[in-house]
Amino acid sequence: MNRHGFFRRALDRRAMLRGLFGGALVSVGVPILESMLNDHGNAYADGEPLPTRFGLWFFGNGVRLNSWLPVNQGADWQPPAGGELVPLVPHKDYVSVVSGLNVKTPRHPHHSGISAVCSGGPHLKVDNVRDTIVSTFKYKSVDQVAADHFQATTPSPYRSLEAAVTRFRGTDEGTSFQYLSHNGSLNGETNVNPSEESPQAFFNRLFNMGTAAPLVLKARASVLDSVANQITALEKRLGARDKERLDQHFSSVRELEKRLSAPFAECSKPTAPGDYPDLNGDEQMTQKNQVMSDLMAVALACRLTQSFSIMFSTCGSGVVMWPAGSKDGQHYMNHTEPSPWTKQHSSVTFTMEQLGYFLGKLKATPDGAGNLLDQSSILVCTEHAEGWTHSQDDMPMLLCGKGGGRLKGNVHFRGSGGNCSRALLTALRGAGLPLSEFGYEAGKTTLPIAELENA
Amino acid sequence: MGLTHGRFKRASGRARRGTSGIVGGALLLAATLGGCLGAIGGLSTDGGGTTKPANKVPFKPQPATIHRLTSHQLQNSWSALFGTELVIPIASSLPSDDQAYGFRSISAAMRTISPLEAEQYEQATYAVIDQVWAKDGWRDATLGCAPTTLDDPCIRVYFAKFGRRAWRRPLVAEEVDELVALSKKVDAFTSSTPEALKFATASLLQSPNFLFRIEQGLPVGPEDPEHEGLFKLTGLEMATRTSYLLLDSPPSEGMLDAAEQGLFDNPELVRAALAYTLDQPEARGPLVRFFRDFMNIGRLDELDKNIELFPAFSQTLGPAMRTEIEKLFEAKVFDERGDFRSLFTTRTTFVNDELAKVYGIDGITGPEFVAVTLPNDGKRSGLLTTPGFLAMNAHKTATSPTHRGRFVRMNLLCQDVPPPPMGVSTALPEPTPSEPKTLRERLEAHREDELCRSCHQLMDPIGFGLEHFDALGQWRDLEAGLAIDAVSDIDGRPFDGAVELSALVAELPEVGVCIARRFYQHATARLDTKGDRPAVDSLVMSFVESDFDFRALVIDMVINDGFRYVSAPKETP
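Those protein sequence lines, which keep their order, are chains V and B.
Residue numbering for the first sequence follows the working numbering, starting at 1 and increasing by one per position.
Residue numbering for the second sequence follows the working numbering, starting at 1 and increasing by one per position.
In case anyone wonders, no lab produced these hints; they're calculated from the structure.
Note that the structure is predicted; figures quoted are calculated from it, not measured.
BS3-like cross-link-like pairs, simulated, lysine-lysine; straight-line CA separation at most 25 Å:
no. : chain 1 : residue 1 : chain 2 : residue 2
1   : V       : Lys236    : B       : Lys232
2   : V       : Lys236    : B       : Lys60
3   : B       : Lys530    : B       : Lys232
4   : B       : Lys437    : V       : Lys327
5   : B       : Lys135    : V       : Lys218
6   : B       : Lys184    : V       : Lys258
7   : B       : Lys56     : B       : Lys232
8   : B       : Lys530    : B       : Lys60
9   : B       : Lys357    : V       : Lys327
10  : V       : Lys243    : B       : Lys570
11  : V       : Lys408    : V       : Lys444
12  : B       : Lys185    : V       : Lys218
13  : B       : Lys327    : B       : Lys357
14  : V       : Lys343    : B       : Lys437
15  : B       : Lys184    : B       : Lys135
16  : B       : Lys232    : V       : Lys243
17  : B       : Lys570    : V       : Lys236
18  : B       : Lys184    : V       : Lys218
19  : V       : Lys363    : V       : Lys269
20  : V       : Lys258    : B       : Lys185
21  : B       : Lys60     : V       : Lys243
Could you put together the complete structure from these sequences and hints?
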């Protein structure tokens, strides 16, 4: 089997598909093959630029800084012996480490951390009537910022895809604790893109929908058009928060309608992954990480989307990292384990092994003249530096992928207390977003991390 | 099933328990509420035994909102439209119900519909109507006719009639026009007239008018000076809100008719109709689900304990623990009735074989639950000693006096506990092998450090009283060989161990207030604010008056001003 044999559809589908989707000259639903490219392999033969992908990969509860941080700064970072980044060494050409940047928005345990590193803005305390906090993101998470850009320029069938590896086992503290991808919420409405946690359901949604007759798709699209009109009519009569909620409903319906109206080539079906129910109460997280990573790689290769997020564990996650020897929920373990935080260390190391699998999968997936990781910009982050103190200084962050040549990789940039939004700005620029500033309120920055970018 | 017109008529003859006890109730209120009055909003009593607001907080409820149907409500809504033979899409294929401030109802009042969820609704809608349209008889019964052309006048009748049931309000002519126009548009893509109508039906069922409960109300004018300037929910909105509150189901056509004829402006008729409805088996599930949220025991389905430390643990034990607590609630509210607070002191409970082992009760076999009376040995009584409560508010390997106390403080006393301050290490000193310590002794560190103490003193002392129960809720005489000290206090009221703690909690005035208040939050799908106080106070009073009868609380909630009035919609600032 040649290396593209994985994909069923033939190359000539692309020509047929061009112009169907959103009227733009794009190709979707088929992998990008070398034979489609110009002589330099850096654009399509007709000059159309190759798509970059943006990703957000999140894990909860922070790290143990002294074993996380590389021993050196600048190019060719090295982890300390037994450090938490050791599992990423095989991919380090594609991985830059960002440290020494802080959360600048008003602080609150967990809540401000995840909002800052995923959206560049403050969290929003919902219904401010008591001390106990329920929060959501006030501004959209970076995967949605990237999705807005991609859909406006080179639209994909799915504006974004969201997957989770471990389950939500946190507390009832709002969407900040339960979800990763947010659409922003100025009025306290709950506006999230839930992550799919079941590999089989994720597979069914993307690759196993069956083929509906084109006329049925048209009828379904017409139905959605009428639903959108009903939303518009209803919206006029409602208050601000409900308007925001229905605005999102409207966008969601239009998104689906557009997808039904513009058929795209189906990716070749990957093998059905099945589900991984708990074994004796233990989440099969290694296996789930593998199949979710594999499915996401196919979806990205087929251009089903250009923007994705993977929630390895939630903010304040109570997942039991049993493969790393932990016997208690991560959040509790992290808060109660005494120095030297051995289990926290092994949990983070294990988490980085899982990230390493995903990066390896992208690296092994051809895309254009190189691989998917060459064409991706992936922000890896967590809501605390160290969970047991809820610290939000010196945030541990990684920038993975070469961003189509925009990112260097293999650099350790260490700031001196600057704004952690700088990493978000740099990651978005790495995916080709023409931004010179990013972030909101106290989280706003105008300083990309030039040290990580190719001039 | 719904509040049918017929039932409502039959029920309307029943007299409600007389209100002659109101003065006595108020005296009891005065005696019971004691010092907590300020906490819930200015109730006081005068010497004459009547109750009135101490300093008039004006009634200003929150603005109306729309409520996304929960998965139960959505499933029941499909059933109501198409009949019980329908194979209903399973909850895991539908948008999930989250909890906000404990309640799925509050989350439903905040949720949008994301792209993924729009997809899920679309899939589910066709999964439902394809079943109906696959059988000509079922389809024609739904349509009410067998049209062969889209100009058949029965089609407008179908949209009007089916639409009213689906949207819980009459459709205006333009809305029917739109559906006819949609049918004609998709007719070009389909093989038959009924098929075109299937797609128009799909539009009705993906509409925000179906997927959300829409509430707006109408402005109240000078004819009602007490509520002037507020918005009053319409009869149809009340029928919908009440039906989903009590039954998690849409109002029946009879209920819609009655509501249009002014049912909800007649509190005595509403009382009678609701009393009848609460006697129906369908009323149990939705109120049990309220209690599931109230106690936050949905999480027991994912209970996870270390099997080496707790050999009695299994994957089915957590759900069994939840079932026990729900059965306790159901028995109290629907079978025994009486003082709801006796849930904290009862020694009657329900166990199956696995749960009996946790209790240390011999002779129970099989997975079916049976009623048992716990021995009067001073170890256990009521909710706070159920394995479900104890295990859920504990960690995988260890108990947590903090979590147990926090739950009591926040969820049963409706008091606030702030989160830990930033930058403080939460790690506890490890005991050394030469100097072993109980968890209580280790937690003393929190009480010595001033930063920690201010909050932990609200939580830990309550939990200390429950330290005879391990992380699975099993009785233990010793903790790792050390004696357990369960002598403690709540806000200066001393107790020794769980049974005394439970008796104390049952009598705490804050508890009765909190139950009523949290039902108010669930029913209105909002945390109450200052403007809700007069309505909450009135609900609390009636709860006390009813001798803490939970069914009376439900009925009083529906006729409470807080359930009927909303403020003008809030515009973008």
